[in-house]
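Fit chains D and A to the given chain E structure using the hints.
Chains as they are written, first to last, in the numbering used here: chain E, 1 to 258; chain D, 1 to 106; chain A, 1 to 157.
Hints are computed from structural coordinates only; laboratory data are not their basis. Using N, Cα and C, we set each Cβ at its ideal position, and we do this for glycine too. Incorrect hints may appear among the rest.
To be verified - With the Cβ distance kept under 8 Å, some of the chain D side facing chain A (calculated, not the full set):
1) Ile17
2) Phe32
3) Ile41
4) Tyr59
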Amino acid sequence: MSLRTALLFAASLLCAGAGAGEIPPSERRSGYDLMSRETRAIQDDDATNPGMLWVLDGEALWNRKAGAVGRACAACHGDARTSMKGVAARYPAFDAALRRPVNLEERIKLCRSERQKAPPLAFESRDLLALTAYVARQSRGLPIAIVIDERTLPFLDAGREAFHRRQGQLNLACSQCHDDNWGKRLAGSVIPQAHPTGYPVYRLEWQGLGSLERRLRNCLIGIRAEPYAFGAPEFVDLELYLMWRANGMKIETPAVRP
Amino acid sequence: MARAIVNVPARAKRGEIVEVKTLAQHPMETGFRRTQTGELIPRDIIRRFTCTYNGTEVYRVDLHPAMSANPLIAFSTIATETGTIAFQWAGDNGYSVTETASIRVE
Amino acid sequence: MTTRREFLALAATSLALSEAARAQLDPNLAANRKAAFQEALRRIVGDTQVRRGRVKLQLPPLIDNGNSVPLSVAVESAMTEADHVRAIHVLTEKNPLPDVASVRLGPRAGRATLSTRVRLADTQSVTAIAQMSDGSFWSDSAEVVVTLSACLEEGLI
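So here's chain E without its partners, still in its complex pose (with noise of 0.2 Å):
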């Protein structure tokens, strides 16, 4: 790293500490925590956890051969209990030939189409939200641990610059509701502080598990706000940041959220 990234790298890190609004690391609060003492039972059992049944999807497919190559992911990356230890907890991730970061349905759906050569996984499909939540799944308890270098900086300074700027017809910015008035009610459901560490996510109001794009969408369609394409680069640099905001919070996945 140069001088004067390791500069900018210190300045920034510095301006996130002392950003107005920015919630302490020892107030940061999951969701979990502001739900009712019900929901939190529910995703508390396994066998009541309605993602459950998405992990169970995903485990059956990860062992399924696929593609023209005819091999599962078991054929490279074993058991996903060892192998995918940790993963989810560093995702999004710089991939070195995109030159830019991916979250973990990017990489899920570039291994499936590159390296199993075999027919996209639409965003939101069934079979891609079963993979990223069994993958996810075998990071639960552990903290999310995003690794920031001169690479993956500029990516994080975009999306705090998202999370903090007024947009849509409300013309609201994302750290209004979730760094200054987390706690506080808004139309009888508790504002959370935003922190992704769950996904992909059953939502009761989904009736279904749904990736932290998607969660994504809905809140800029709160805003009334024109809810980026899944998939956007704007996307997946605001994932990074919420990331990294969360980092050393522990993984739910899959979390059950209102």
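Frame of chain E, contents of chains D and A only:
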């Protein structure tokens, strides 16, 4: 594909009351929702859940659209003898799923 | 990308068909649903008097989301051949349909319970009725407050 998850203790004492938890993957479409263009989405739900213990029915539920998607049905049953506890979900559009669990009763 | 016109049409459609709006459009909605609840109740118990007690219905008083409300019913009963719970019925008074679930059970159940998750369309009262082997009916009710979630997929209200 995982159609249902069932949880039954693997072993129990004779006469012990055991907890059974079942989870079925199903959208439970109510028949009251509409598409973006206003058409009614037809009802598509699980109508009946049956639990049999070595062939004898021990618990049955008739479900209506007010049951949430991916329905959880948790109940109890007496561990009477070693054998198979079978679960059957039946519903609209020919939906039929069966799961079994073994229980060792001492 | 949704055009402005599509967005407005979407919002209008969603608005017109939300529960609250539908209630405003049909002045008899509440009365009709209450009547349906009474009718469902009559279908279950006939002319027999329903007594309060022996049944414990548990629901969170303020729910996180009306699509999936955890509900549990427990009925006091020895669950013997001579004296047991034959059926448990759950009803609502403001949902489009009053019936939620009907359980058939017997002494083999050990305990007369049901744990599940239900959909509640509005703030309302939920009722659980237990039918005993001696032909008597017992019930319990619980009040639940249901609010609309924030930040949804359809741009509502």
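Status of the hints after comparison with the structure:
The closest approach between the C-beta of Ile17 of chain D and any C-beta of chain A is roughly 4 Å, which is under the 8 Å cut-off, so the hint is satisfied. The interface hint given for Phe32 of chain D is met, as the beta carbon of that residue sits about 5 Å from the closest beta carbon of chain A, less than 8 Å. The beta carbon of Ile41 of chain D comes no nearer than 12 Å to any beta carbon in chain A, farther than 8 Å, and the hint placing it at the interface is violated. Interface restraint check: Tyr59 of chain D against chain A, minimum CB-CB distance 5 Å, threshold 8 Å, status holds.
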